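A.B. asks: Residue strings, one per chain:
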Amino acid sequence: MTTLATHPAGMLDLVPLEEPACLINPDGSPSMALGLTMPDGGELVGLYRRLVAARRFDRQATTLTRQGRLAVYPSAGGQEACQVGAVLALHPEDWMFPTYRDTVAVVTRGIPPVEVLSLLRGEWHCGYDPKEWRTAPQCTPLATQALHAVGLATAARRAHEATAVLVFLGDGATSEGDANIAMNFAAVFDAPVVFFIQNNQYAISVPLSRQTKSPTLAHRAIGYGLPGYRVDGNDVVAVRAMVARLMDQARDGGGPAVVEAVTYRMEAHTNADDATRYRPPEEAESWIERDPLIRLETYLTNHGLLDQPRRDEIAAAAERFARSVRDAMSVDVVPDPAGLFAHVYEQPTPLLKAEAAWLAEELATASTEEVPS
Amino acid sequence: MTVTMGEALNRALHDAMASDERVVVFGEDVGRLGGVFRVTDGLNAEFGEERCFDTPLAESGIVGTAVGMAMYGLRPVVEMQFDAFAYPAFEQITSHVAKMRNRTRGQLTLPLVIRIPYGGGIGGVEHHSDSSEAYYTHTPGLTVLTPGTVADAYSLMREAIELEDPVIFLEPKRRYWSKAEVNLPVRTEACRSAVIRRHGTDVTVIAYGSMIDTALDAAAVGADEGYDLEVVDLRSLAPFDTETVAASVRRTGRAVVVHEASTFGGYGAEVAARLSEECFHYLEAPILRVGGLDVPYPPPMLEEYHLPNVDRILDAVARLQWEDSSVVVGASRAGSAGGRAGR
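Residue numbers (the numbering used here), protein chains in the order written: chain E, 676 to 1048; chain W, 5 to 347.
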């Protein structure tokens, strides 16, 4: 029989360490973190390669926005280690549920950027096949996707399949009802899901202090009976190790977990936002010394794992990747208006058929009116 | 055999679960208790905790997890305990359930059913009697079904579960205990079609859900008063079967739309507008609506003043400009009990 007396001890086990787990310090020196191990040199260089590509992609997407090729781009600048580290911890059979800020994560999953950017280009809401990539559409309504993640994870567990689910959340989204409901459902159903909270300190303009009175976001997990962890979100090695460990645990029946990755949104919310209205420039500057790329580069250089030719080769590869994105996105696309009606229902309803015919007629009339004189 | 609408729904869920192991049923109190209206009675015992189970108490959580399960290939049937308690799930329904197929251009489909006991007439205290259909019919991507007969309760539910599209299944809760002679399993007309429940020549009364019985009662009384009413049961509110309904209205030349929901901005407004476009030159009179008052749903002791009834339907029928017509009309209903000018 379960006695009440067992609960306080169990709860104490759930209290997270406030110091974020870190394997490489901001200055590039090695660090120790409970339960996490430093990977070998080859793997570290691989992480660096992905991180360089991620940052280059992010900058390219921002440039495409300035050029009018994207309608909007919520930058992942400063958060690349979170997104690269978390995604590289996944197995192919795992699912992930990203948000609009996780474009770098989705690209890191391997989905062609031109398909990923369909949303932000304004061509279609989701440009890739979620089933093929086991990646849900990037979600805009905050925290709503967390419930989908729990449902999918529950279904996978009931099917006895080795699938775990990673759901991305931001610090602001943890205030939404669905985030809390999702963590509670996950705990009750023992769903193989990991809640990956990128705490970038701001929800557009509102600082974390306005979102919660909890000591940390990881502490929120205690209330659901879930273990909460903190990881240095600018240490790609620690993020990857932490998420991999918790995903393995979930896959093996160990239940759900919450991770708070402590990071900083270096850019404004989107290109349409002006961050100087709500935070001093010195604040962002203070995070430069914790930059995810520089610290890994320093570590690799100090350990003789990265020389100049290798660094140049990795930079050149990232440049080629960016160019391929630029070229692909510079092609004008003209979505077919008839596609509006194609996927509302399995079979178009009489109403949709009538509206499609009406639109086709309108377009035909417009094109005859445009005959040059 | 004699079955109630609640029993027919229960049997439909049972038979769907027996024939397709992907079907799972969950919600609040649907497991051991069998639902507050007993619609899921016995399912947990027969199919086990993996197939029929209770969730934590959060409607958004119920619908949101159903979305994830459907993405993985299950066919969830979830219960919202009462109409007004479905509102916490509104964001999930409108932003995700309705749109997932469209957002992903058909790559992700959500074959799930959201069961919502709706409407009043059971003496429920506040928040237990809303008619929320217009919120759902206004959302493209949703299929909104509601049975008006016991046989349809079974058949529409089976079809709803078989559809690849998400369905809002509105169960007229005051008719859960209505009985009929039906041999189950039964399959009725295809779910997206309206059905003529009573043929008549003078007026088309368009109704659905709980108002089918009320409309048929009105037709029986109307016959004594000289009106031959045709009663059309919509069954599917979205999509709307324009063809069947418009054909009826073209035959009769007059139409009344009946629903429990408040009249302003209600589903009847859409029906009236659409039929005006389709049948204008056949109409002898404006299409009238008989709906609930435009007030928050009243407390039980006052709900009889809110809900449409036989008298209000026949009052509307009497106001269909018969004086200009060659049709022989019945007695004036000006003095009838419950009659209200202007409705």
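No wet-lab data here; the hints were simulated from the structure.
Note that the structure is predicted; figures quoted are calculated from it, not measured.
Yeah, the Cβ is synthetic: ideal placement off N, Cα and C, and Gly gets one too.
One or more hints might be untrue.
Stated by the list, open to error - If you want the footprint, here are the derived chain W segments under chain E, 3+ residues with CB under 8 Å:
# : stretch
1 : 87-101
2 : 105-115
3 : 122-129
4 : 144-151
5 : 154-162
6 : 165-178
What the hints assert, rightly or not - Here are a few chain W residues that face chain E, going by a calculated C-beta distance under 10 Å:
#  : residue
7  : 28
8  : 57
9  : 59
10 : 78
11 : 193
12 : 243
13 : 246
14 : 251
15 : 286
16 : 288
17 : 323
A.B. asks: For each hint, tell me whether it holds in the structure or not.
C.D. replies: Going through the hints against the structure:
1. 87-101: holds (count 5)
2. 105-115: Satisfied; 9 residues make the cut.
3. 122-129: Not satisfied, violated; 0 residues make the cut.
4. 144-151: holds (count 3)
5. 154-162: Not satisfied, violated; 0 residues make the cut.
6. 165-178: holds (count 3)
7. 28: With Cβ-Cβ at 8 Å, under 10 Å, it holds.
8. 57: Holds - the Cβ of residue 57 (chain W) comes within 10 Å of chain E, reaching about 9 Å at its closest.
9. 59: Cβ of residue 59 (chain W) sits 7 Å from chain E, so the hint holds.
10. 78: 5 Å, holds
11. 193: 16 Å, violated
12. 243: It holds, given that the least Cβ distance between residue 243 (chain W) and chain E is near 4 Å, below 10 Å.
13. 246: For residue 246 (chain W), the interface hint holds, since the closest Cβ of chain E sits about 6 Å away, which is under 10 Å.
14. 251: 13 Å, violated
15. 286: Interface hint status for residue 286 (chain W): violated (19 Å vs cutoff 10 Å).
16. 288: Where the cut-off is 10 Å and the nearest Cβ of chain E is about 26 Å from residue 288 (chain W), the hint is violated.
17. 323: 30 Å, violated
The structure shown violates the earlier hints numbered 3, 5, 11, 14, 15, 16, 17.
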